[in-house]
Structures are given as structure tokens and as C-alpha cells.
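Visitor: Chain L: place on chain D using the hints.
Residue numbers (this note's numbering), protein chains in the order written: chain D, 1 to 785; chain L, 786 to 938.
The set of hints was computed from the structure by calculation and includes no laboratory data. Glycine included, C-beta positions come from ideal geometry on N, C-alpha and C. Do not take every clue at face value.
Okay, the calculated bits of chain L under chain D, using three or more residues with CB under 8 angstroms as the criterion [claimed, not checked]:
(1) 787-797
(2) 851-857
(3) 883-896
(4) 906-912
Partial chain L-side listing against chain D, Cβ under 10 angstroms, derived [claimed, not checked]:
(5) TYR810
(6) CYS830
(7) GLY916
(8) CYS921
(9) HIS925
(10) ALA933
Chain L is nowhere near these chain D residues, computed Cβ spacing over 12 angstroms in every case [claimed, not checked]:
(11) GLY38
(12) ASN58
(13) ALA200
(14) GLU202
(15) ASP249
(16) PHE402
(17) PRO407
(18) ASP420
(19) LEU472
(20) PHE606
(21) THR708
(22) GLU721
(23) LEU734
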Amino acid sequence: MAVTETRETFVGASVKRREDASFLTGRGTYVDNLTLPGMVYMAIVRCPYPHARIVSMNLDAVRAAEGVVAAFSGSDLAEDWKGSLPCAWAVTEDIKMPPHFPLAVEEARYQGDGVAVVIAESRARAKDAAELVEVEYEALDATADVERALEDGAPLVHADLGTNECYVWKLETDDVQAAIDAADVVVTRRYVQPRLIPNAIEPRGVLAQVGPTGEATIWSATQVPHILRFALQIVLGIPEAKIRVIAPDVGGGFGSKLDVYAEEALVIALAKRLGRPVKWTEERSENYVATIHGRDTVHELTFAATKDGKIMCVKSEAVCAMGAYLQLVTPGIPLLGAWIYAGPYDIPNYSVTFTGVFTHTTPTDAYRGAGRPEATYVLERTMDALAAELGMDPIELRRRNFMTEFPAQLASGLTIDSGDYHASLDKLLELLDLDSIRSEQAARREGGDTKLLGVGLSTYNEMCGLAPSRILGAIRYAVGGWDSATIRVQPLGSVQVVTGTSPHGQGHETSWSQIVGDQLGVALADIEVLHGDTAVSQLGMDTYGSRSLAVGGVALVHASAKIVDKARQIVSHQLEVSADDLEFADGTFRVKGSPEREMTIQAAAFQAHSAHNLPDGMEPGLEATATYDPPNFSWPGGAHAAVVEVDTETGDTRLVRYVAVDDVGAPVNPMIVEGQVHGGITQGIAAALWEEALYDDDANLLTTTMTTYLVPSAAELPSFETDLTESKSPTNPLGVKGVGETGTIAAAPAVINAVVDALSHLGVTDMQMPATPERVWRAIQEVKA
Amino acid sequence: MRSVVLTVNGTRHELELEPRELLVYVLRERLGLTGTVVGCDTSSCGACTVLVDGESVKSCTMLGVQADGRGLTTIEGLAQNGELHPVQQAFHDHHALQCGYCTPGMVLAAVSLIESGAATDEKAIREGLEGNLCRCTGYHNIVQAVSAAAGAS
Numbered sequence: 001m002a003v004t005e006t007r008e009t010f011v012g013a014s015v016k017r018r019e020d021a022s023f024l025t026g027r028g029t030y031v032d033n034l035t036l037p038g039m040v041y042m043a044i045v046r047c048p049y050p051h052a053r054i055v056s057m058n059l060d061a062v063r064a065a066e067g068v069v070a071a072f073s074g075s076d077l078a079e080d081w082k083g084s085l086p087c088a089w090a091v092t093e094d095i096k097m098p099p100h101f102p103l104a105v106e107e108a109r110y111q112g113d114g115v116a117v118v119i120a121e122s123r124a125r126a127k128d129a130a131e132l133v134e135v136e137y138e139a140l141d142a143t144a145d146v147e148r149a150l151e152d153g154a155p156l157v158h159a160d161l162g163t164n165e166c167y168v169w170k171l172e173t174d175d176v177q178a179a180i181d182a183a184d185v186v187v188t189r190r191y192v193q194p195r196l197i198p199n200a201i202e203p204r205g206v207l208a209q210v211g212p213t214g215e216a217t218i219w220s221a222t223q224v225p226h227i228l229r230f231a232l233q234i235v236l237g238i239p240e241a242k243i244r245v246i247a248p249d250v251g252g253g254f255g256s257k258l259d260v261y262a263e264e265a266l267v268i269a270l271a272k273r274l275g276r277p278v279k280w281t282e283e284r285s286e287n288y289v290a291t292i293h294g295r296d297t298v299h300e301l302t303f304a305a306t307k308d309g310k311i312m313c314v315k316s317e318a319v320c321a322m323g324a325y326l327q328l329v330t331p332g333i334p335l336l337g338a339w340i341y342a343g344p345y346d347i348p349n350y351s352v353t354f355t356g357v358f359t360h361t362t363p364t365d366a367y368r369g370a371g372r373p374e375a376t377y378v379l380e381r382t383m384d385a386l387a388a389e390l391g392m393d394p395i396e397l398r399r400r401n402f403m404t405e406f407p408a409q410l411a412s413g414l415t416i417d418s419g420d421y422h423a424s425l426d427k428l429l430e431l432l433d434l435d436s437i438r439s440e441q442a443a444r445r446e447g448g449d450t451k452l453l454g455v456g457l458s459t460y461n462e463m464c465g466l467a468p469s470r471i472l473g474a475i476r477y478a479v480g481g482w483d484s485a486t487i488r489v490q491p492l493g494s495v496q497v498v499t500g501t502s503p504h505g506q507g508h509e510t511s512w513s514q515i516v517g518d519q520l521g522v523a524l525a526d527i528e529v530l531h532g533d534t535a536v537s538q539l540g541m542d543t544y545g546s547r548s549l550a551v552g553g554v555a556l557v558h559a560s561a562k563i564v565d566k567a568r569q570i571v572s573h574q575l576e577v578s579a580d581d582l583e584f585a586d587g588t589f590r591v592k593g594s595p596e597r598e599m600t601i602q603a604a605a606f607q608a609h610s611a612h613n614l615p616d617g618m619e620p621g622l623e624a625t626a627t628y629d630p631p632n633f634s635w636p637g638g639a640h641a642a643v644v645e646v647d648t649e650t651g652d653t654r655l656v657r658y659v660a661v662d663d664v665g666a667p668v669n670p671m672i673v674e675g676q677v678h679g680g681i682t683q684g685i686a687a688a689l690w691e692e693a694l695y696d697d698d699a700n701l702l703t704t705t706m707t708t709y710l711v712p713s714a715a716e717l718p719s720f721e722t723d724l725t726e727s728k729s730p731t732n733p734l735g736v737k738g739v740g741e742t743g744t745i746a747a748a749p750a751v752i753n754a755v756v757d758a759l760s761h762l763g764v765t766d767m768q769m770p771a772t773p774e775r776v777w778r779a780i781q782e783v784k785a
Numbered sequence: 786m787r788s789v790v791l792t793v794n795g796t797r798h799e800l801e802l803e804p805r806e807l808l809v810y811v812l813r814e815r816l817g818l819t820g821t822v823v824g825c826d827t828s829s830c831g832a833c834t835v836l837v838d839g840e841s842v843k844s845c846t847m848l849g850v851q852a853d854g855r856g857l858t859t860i861e862g863l864a865q866n867g868e869l870h871p872v873q874q875a876f877h878d879h880h881a882l883q884c885g886y887c888t889p890g891m892v893l894a895a896v897s898l899i900e901s902g903a904a905t906d907e908k909a910i911r912e913g914l915e916g917n918l919c920r921c922t923g924y925h926n927i928v929q930a931v932s933a934a935a936g937a938s
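Chain D with its partners taken away, still in its complex shape:
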């Protein structure tokens, strides 16, 4: 082989996914597919009231039922819990953090709160028997409304706290009020962002067995096996070293499996008590109450601007529903958006306040985007409102305020790594052909067409790649934001890559093999990527917050460098040349000036393992671990546009086109990046047009199944038009940022801005999400009246 011959890199290529083979042939290992000898099934009895005192419970009939192994009330198991289900984010010093045990004992605080468990020989027997549990409840007043919960006399979720206010968190620069007072134009808008149900198509599931010396193994449909492991020690008192968490194939998460759930602790406690493996599989209607929800916030956003459209101040005040308890990161979700209320715009004065509020509802927590969709929605809606107030083109208003110098120091204190917001917007406008949309819009308006066109934009940025551990510590998050990689070159040259990330659809096995393939110069077929088992991957901080590539992916580069360094020492020793005289390319070390003297890294691995001829003092083997703590968040950005058609007679709103131009840094696998964008924007579009978890005035959930909560199908959506611009992140050697959440962050305001645009000539200036036919129709009637 000629020395000058170089192959193309794997990074940057749309390599087809190695994950697909098992999924396409029905050989996925989702938790509910697993069985163990002697396994029994758990069913949970859930409180049907939004708030109730548990007066008494009778388990006699259920214990006598056919196939029942055991049944326990919350008080029966109270001694099993060594600690509360943990919340890892005490966002303020005086936050109220009520205890949260796997089963309610005296009081149930939301509809679906678990009060008892039944264990039986089969799934059906467990479910039948759960119906036989007799519970006497005293129903108590409840509220699901985040604003009403703060009013005097509101029903209290935790009476001993004396309030439903969980915390108040504030980030403010010095001269906010002065900036507002001095402004030519002040625009204040109120926005309600409804509660959303994540709807991973695989509901949650857990299976646990506990060995005779107390060692526990749990298979869980989780995004966070490592976090779950230490949380389980807190709840169960089993040392982490004796807990093995396995996240097998996981059927989507979107944040809903970034948590530590009651059922995970229950199956272990019960497996230990019964000496048999215990499995629980969530049903969909159960998922709607037992798995976290997202959003549920009310914002008031104020812009202060000069008359030529320079925004001088952004001020946000938001009340944010926590639900009935604090789950793993519930209180911190708003904070994940706290630094992007100025988005891609240079705004010198900045104020963000969040009030966390308990309501008698399923706890909220991370749902795709987590805090950043909420911030971007109110920001991008208000950009259009300010443009209307100023009589300015919303595109021009955005351009006048874009940050253009990077790294960019934000008024809110953080620093944006890189970006080019004009470039994304330029490309978007090229794809969109706005002039022809505007002329079609005008023609329909003039022609009295009942189907009106609207076009809406959203230019956004976000912060992901969670996260620098020091910053997490400073904002009171309990754990670190680093991740790890271990690379092991086997004696005969194949490569094991062990990652601390925990994919559930993102294709890490493929992308990670591309990164390592380039770094070590080995074929993709020689690389195996292992993840999702704490016995195999002992160090890791898991997958959420678009962090896996920007943190765990970068750790692969650092571990690879250690491998190459050690192999270089071995080759240097064996070829009897200085290490400095070796060049490494395409998997082969060659002596500078004598390229015929060479050794592949895979041959060096054999030497490392035979250990017949290693440098003095070198340990055998070719394995390296790197942990990587990012120095900054990564900051994707971009420009999205939606085109909608609104039927003025029925209010029916259809998405006609969706165009997205994202800057996610360097794409490792453009095919996978595009897939992430498609999925992300779909969830943002769905929030804008269809999805809303509704509770009645007494806090009963009304959208209890997929028939009333409208997850979109293919029939509701168009094909998407997507493209990328690229501002490499300067903070990591791959130049990567993250893409998992960008679409969801950007999409909802683009769609709602489009709906408002369609109706703006009629006088409609606002539209609440989701823009259901009823809401749209009513808005039209109101301006007519």
C-alpha cells in the first residue's frame, strides 16, 4: 500500500445503521420480551381520585385469589424504603422537597398514585386480582391548574408545606427595570404551554431478580442505567456495587425514561421479599398517569426595544407545574431553558424568574427539549408580536438582533461556542421561496378563499451537550455531566468500545463505530459497541439533553488517543525507532522516511497481549478509558419555517410545508442527524397542532388514552425539507454539538406563528397551543364579532 493512499473518513458519511438488523427481524430485546425462570408479574393498584386519604385497605380477597403470590399495601412495604425516590436538582436553597415513596401510605396526591401491589403467576392473574383490592378513600379537594394552585385557599398537595409553591428561582442582570423604562416600545405577552405526554411507543417495563446474597439485577426500559443504579441504593439501601442495571433495547424515551420510578424500586423490593424474579409492564393508559409529563407552564414575556427594532431587554416570569411530587430532575427542567430566553439575539438586559408549583397531577420532568422548547416558544412568538408592533418584517427584526461574533458572551452569563444565524436563515429562505408563498397568500385572501395560507418562522439556538460538571454544581444539580469511553483492542485485532451513553433509538452503535474507526484506522466491521449494562459499562452518565455525542462521543476520541499512544510505544520498541519517528495513519504506524517498516495497530494489539517483547515496565494489554467533562455546553441553532393552511369555516389547520435548516456542528452521520431532525420537529409540530393533556377542574385526567391524546400519524404530516449549515464547535475535537432536541425546540413557535400569520389580516394576534379546530374557529369568530 502506498503511504500516500488515504481512505475517506467514516465520520461525515451516512453509514447505514448496524442496529437495524435485529429490529427489522423482530429480535429486539425490549424488557417485556424477557423472561426468567420462576418469574412472577406485578400489577399496581392506583388511586382513582386526584387527591384522597386512604382510610383503609383490605387485601384478604386478593390474597386468596387464584394465581396470586402476594399483595402489599403501601404501609406493608414502608420499612423496605431506606430513602425517598430521589430528586437530584434542589434548584434553590429553600426549595420544598417533600418525600416521595414508591407507594402512597396515608394520602394519594394525584390520579394514578400507586397505593398497593399485587404479584401473581401471570400477567392476566395479576391484573384480575388487582381489581379485588378493597380501598376506602376519603376524596379530598384537588387542583390541576398551575395558576389556581398558587391562589389563597387552593387545595394543598402537601398540606404540611402550607403552600403549593415549591420554589422561586431568579436570574437577573442589573438594569432590567431601567431598560424597560427607557424603551421606545414594550411588548408583554402571556403564553400557556399545555401539558404533554411523551408517548414513547414502548411503555416502561422492569424486571428484577435478587440473588441469595442480596445482589440485585434489574432490566429497565430506562435512558439512565447509571443514574438509576445509585438512586436505587438511596431508595433500597443495597450498595451500588451489588446492583446491576441493564437497559436492553429501549423503545424510545424522549426524556420520559430519564427518571427513577417507583416501579423500579418496587420490583427489586418484591423480588427480594419473594425470592423470585418480578416483572412489571406498563400499559398505555397506565403510562398516561404513571410516567412523567412535560411542559405545563404559563409565561409572561416582556420585550423592551428601540423603535428601530433593537431589543434592549427580555424579561420572563413563568409558573411551572411540578405535579404532585418531584421526580429526578423535575424542578430543574425550567432552568435548562433559563439561559436561552434571548435565543440567538444580542439582548443586553435579561431577567428570568420561575415559580415551581405543586399540583394534583402526574409529576412533570424532562420531555424532549426540556425547558428549551418553553423558552424558545415564548421568545419566538414575541419576536413576531414585536415585529407587528413595530410594523417591521419579522425576518428583518430577527436579523437586526442576531449575535454575529463568536464565542459570544451572553448577558445571562454563559458563552456561546459558535454559530452563524444569518447563514441558517439565508439557506432557509432559499429553500422556502417566501415570495411565492406571500403572493399565493395574498391571492387567496383577495379571492375570498376559505382556506388561507400562513407562514411562520422560528430562528433559535439552544444549549445542550449536558454538561460541564462545575456549572451543574453551581446550579445545584447533584451529579456530574461528564461521560466515559473504554476501548479495548482484542488480541486478534477486533475492537470493543464501551460507552457510558445509553441509546434508545439514536444509533450510537453506528455513530460511535464511525468515530473509533477513524481514530484507530480500523474497519467498522472490526468494532463492537457495548452499552446499557452497568456491569459492562461501569462509568457513565447516560443519554439525555442531546449530550451523548458532544460528551460521550468526545470521550471516544480521548480514549482512542490513549490506545494509539500505547501502541506507538510498543511499535517503537519492536521496530527499534524513536516513537517520534513513527507516523500513524489509516491504522498503521510507519517509520518516517522508511515507510516499508510498518506495523498495524491491530498487530501491536497482539504484541500487547502476548507480552513477549514489550518495553520494560509496560503492562500487557491494549485497553484505555477516558472520562471527558466538557468545558462548555454546545450551542446548536438554526432557522425553521412552517406553512399552514387554515380553513376559516371549520378552524381545521393543516401543515402544508415544513422547512428546517439546522446548525448542529459537524454531523458524524448525516443520515442519523436528519432522522433526529425529522423526529424532533414532528414532536414540536404535534405540540403546536394536536397534543394536550387535559385535566378537569377537579384534577381528573381527561386524555386517558391514545384515542383522546392525539399522537400524530403519517396522515397528518407532510414530508419535510431539511438542510444543514455547519459551525463546528471549537470546544471539542470533533466539532460536534448535538441534534436530538433541536427540532422540538424550534418547531412549535414556527407553526403557531404561521397560524397567526394566516389570520393576521382578520385581526387575530394570538393563538394558544395546540391550535385545535375549535380554538382556531373561536379566534376567527371573536375578531368577527
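Guide: Positioned in the frame of chain D, the structure of chain L alone reads:
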């Protein structure tokens, strides 16, 4: 209990079933064919879609005893002699799956749609797959894959 005979992926099974057992659990728990999965309890998501005498059926809407004497194809039976079915191959080629959970049902629904001749254009494909929900892909690549497979078959 009732005696039934199911032919699944060409193999004949004689089973004693409780009349209430849903077909999806017969496949998963009696026959160990866990490729067919459960995603909801209202027949909304289509994750449990299988072919019954060639037509796509949500196997949570059918009792095991109703399948007596019928021929079923599940995802495990779609590839032949180690060769992926053209729809499976198209899903791989077009990145039409991410977490993979909806994939068996989506693939079988697509097979049925194509074989019925209804996969004529994008709109028809989108409407034909309305009963199968995917939360990962936004359907864009699924539609591309089904279009490609329909064109190829």
C-alpha cells in the same frame, strides 16, 4: 379452554387457549414470538400488527381463538432464507426506524398496503399507514422506504 390450530410463519401450532387471550399475547407468551409488541391498549398504535391470511390485523384486536385455522405471518417470518423482505430492506436503506419498537408492525402494515395495491403515491401511503404510530422518525423516512419498496415490487 379451547383447542385451536394456528399456522404461524408456516409452522402449525396446536394450542389450548383461554377464550379471553388476545392474539398478541398468544404470539408473545405462548409461542415466544416477541417481535410482535404491545404499544397501547386501545388499538391505536399498530405496534402489534401481524398478517392474518395476508391482511394486516392489529393482533390486540383479535382473540387467539378467532385465529383458529388461519395462517399468520409475524415479523419473524417475513425474511426468507436469510434475505430481508424488500420492505425490511427498504426500511434499512432509508433509515426508516430508530428505536425499532414500532418497526415490526409498521413493516407488516406496509407489506399489506403494498400487496393490496394501495401504495400508489405519498398521500395514499400516508393514509394507508394511519393506524401505525411512530414517535421517532416523523414518518418522513418511513414514507420514503414504503414508496421505494412499492416501486420496486
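Visitor: Run every hint past the structure and note whether it holds.
Guide: For each hint, the structure was consulted:
1. Counting residues of the region 787-797 of chain L whose C-beta lies closer than 8 angstroms to any C-beta of chain D gives 0; at least three are required, and the coverage claim is violated.
2. Note: the region 851-857 of chain L has 0 residues with beta-carbon separation from chain D under 8 angstroms; the three-residue rule is not met and the coverage is violated.
3. For the region 883-896 of chain L, the stated coverage by chain D is satisfied: 8 residues place a CB nearer than 8 angstroms to a CB of that chain, which reaches the threshold of 3.
4. Counting residues of the region 906-912 of chain L whose CB lies closer than 8 angstroms to any CB of chain D gives 4, so the stated coverage by that chain holds, three being the minimum.
5. Nearest Cβ of chain D to the Cβ of TYR810 of chain L: about 8 angstroms, under the 10 angstroms cut. The hint holds.
6. Using the Cβ-Cβ criterion of 10 angstroms, the hint placing CYS830 of chain L at the interface with chain D is satisfied: the shortest such distance is roughly 6 angstroms.
7. Hint status for GLY916 of chain L relative to chain D: holds, with the closest Cβ pair at about 7 angstroms, below 10 angstroms.
8. Among the interface hints, the one on CYS921 of chain L holds; its C-beta lies about 5 angstroms from the nearest C-beta in chain D, closer than the 10 angstroms criterion.
9. Below 10 angstroms, beta-carbon pairs count as interface contacts, and HIS925 of chain L has one with chain D at about 5 angstroms; its hint therefore holds.
10. At about 13 angstroms, the closest approach between the beta carbon of ALA933 of chain L and any beta carbon in chain D exceeds 10 angstroms, and the interface hint on this residue is violated.
11. Against chain L, the non-interface label of GLY38 of chain D holds: every CB pair exceeds 12 angstroms, the least being about 15 angstroms.
12. Under the 12 angstroms C-beta cut-off, the non-interface status given to ASN58 of chain D relative to chain L holds; the minimum distance is some 26 angstroms.
13. With 12 angstroms as the threshold on Cβ separation, the claim that ALA200 of chain D sits away from chain L is violated: the shortest Cβ distance comes to roughly 6 angstroms.
14. Taking the minimum C-beta to C-beta distance to chain L, about 4 angstroms, the non-interface status of GLU202 of chain D is violated against the 12 angstroms cut.
15. Remark: the non-interface label on ASP249 of chain D conflicts with the geometry, its nearest Cβ contact in chain L lying 7 angstroms away (cut-off 12 angstroms).
16. The Cβ of PHE402 of chain D sits about 28 angstroms from the closest Cβ of chain L, beyond the 12 angstroms cut-off, so the non-interface label holds.
17. Once the 12 angstroms rule is applied to beta carbons, PRO407 of chain D is consistent with being away from chain L; the minimum gap is 33 angstroms.
18. With a minimum CB-CB distance of about 26 angstroms to chain L, ASP420 of chain D clears the 12 angstroms threshold, and the non-interface call stands.
19. The non-interface label for LEU472 of chain D is consistent with chain L: the shortest C-beta to C-beta separation is roughly 27 angstroms, beyond 12 angstroms.
20. Distance check for PHE606 of chain D against chain L: the nearest CB is about 33 angstroms away, which clears 12 angstroms, and the non-interface claim stands.
21. For THR708 of chain D, the shortest C-beta to C-beta distance to chain L comes to about 9 angstroms, within the 12 angstroms cut-off, and the non-interface label is violated.
22. The claim that GLU721 of chain D is not at the interface with chain L is violated, since a C-beta of that chain comes within 12 angstroms of its own (minimum 10 angstroms).
23. For LEU734 of chain D, the requirement that its beta carbon stay farther than 12 angstroms from each beta carbon of chain L is met, with the minimum near 21 angstroms.
When held up to the earlier numbered hints, the structure conflicts with 1, 2, 10, 13, 14, 15, 21, 22 and fits the remainder.
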